[in-house]
Amino acid sequence: MSNTKIHLLYFILFLILVSNIWLIKIRWENSILANDIENTRYEILKLKEINLNLTTEKNFLTSLAKTEKFSIQDLNMQNAETRLKIK
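Take any residue in the sequence shown, note its place counting from 1, add 31, and you have its number in my numbering.
Bear in mind the hints are in silico, worked out from the structure with no lab data behind them. Hints should not be assumed to be uniformly reliable.
Unchecked claim - Each computed EDC-like pair below joins lysine to aspartate or glutamate, with the alpha-carbon atoms no more than 20 Å apart:
| # | residue 1 | residue 2 |
| --- | --- | --- |
| 1 | 56 | 67 |
| 2 | 77 | 67 |
| 3 | 97 | 80 |
| 4 | 77 | 88 |
| 5 | 79 | 69 |
| 6 | 79 | 60 |
| 7 | 89 | 99 |
Unchecked claim - Label-pair distances were calculated between CB atoms; the ranges are:
| # | residue 1 | residue 2 | range |
| --- | --- | --- | --- |
| 8 | 84 | 60 | 34 to 40 Å |
| 9 | 75 | 48 | 37 to 43 Å |
| 10 | 75 | 47 | 24 to 30 Å |
| 11 | 60 | 100 | 54 to 60 Å |
| 12 | 64 | 91 | 29 to 35 Å |
| 13 | 107 | 83 | 35 to 41 Å |
| 14 | 87 | 64 | 42 to 48 Å |
Treat the numbers as computed from the prediction; the structure is a model and nothing was measured. Quick reminder that beta carbons are idealized off the backbone N, C-alpha and C, glycines included.
Input sequences plus hints: build the corresponding full structure.
Have a look at this one:
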């Protein structure tokens, strides 16, 4: 074989090696991104669950019945009763 054919063969082998390394790098990055997506989905699910719990707790703490009970017991207020006096 001539010298140029050997150089061409080495160049082609080098290109194959570089392209395979590049392909491995791309696949590795793809697997990392896929894992990040799964972690993000899990975190979003957990945050939605926490948000639901906090919304429920907020609604419970700001309910009218709880406010009325607090005002009656702790502030010693009495129930207001409307009395109509008809003469």
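Against the structure, the hints come out as follows:
Our distance criterion of 20 Å between C-alpha atoms is met by residue 56 and residue 67, whose separation comes to about 17 Å. Restraint check for residue 77 and residue 67: the C-alpha separation of about 15 Å stays at or below 20 Å, so the hint holds. Taken as a hint, the residue 97 and residue 80 pair is broken in the structure, with Cα atoms around 24 Å apart against an allowance of 20 Å. With a CA separation close to 17 Å, the supplied pair residue 77 and residue 88 stays within the 20 Å bound.
Between the alpha carbons of residue 79 and residue 69 the distance comes to roughly 15 Å, so the proposed pair stays at or under 20 Å and holds. Taken as a hint, the residue 79 and residue 60 pair is broken in the structure, with Cα atoms around 28 Å apart against an allowance of 20 Å. With a C-alpha separation of about 16 Å, the suggested pairing of residue 89 with residue 99 holds against the 20 Å cut-off. In this structure the supplied range 34 to 40 Å holds for residue 84 paired with residue 60, their Cβ-Cβ distance being about 36 Å.
For the hinted restraint 37 to 43 Å between residue 75 and residue 48, the CB-CB distance of approximately 41 Å keeps it satisfied. Look at residue 75 against residue 47: about 42 Å separates their beta carbons, and that is not inside 24 to 30 Å. Checking the proposed 54 to 60 Å range against residue 60 and residue 100 shows it holds: the Cβ atoms sit about 58 Å from each other. The beta-carbon spacing between residue 64 and residue 91, approximately 41 Å, falls outside the hinted interval of 29 to 35 Å.
For the pair residue 107 and residue 83, the beta carbons lie near 36 Å from each other, so the given range of 35 to 41 Å is met. Checking the proposed 42 to 48 Å range against residue 87 and residue 64 shows it is violated: the Cβ atoms sit about 35 Å from each other.
Hints 3, 6, 10, 12 and 14 from the list above are not met by this structure, while the remaining hints are.
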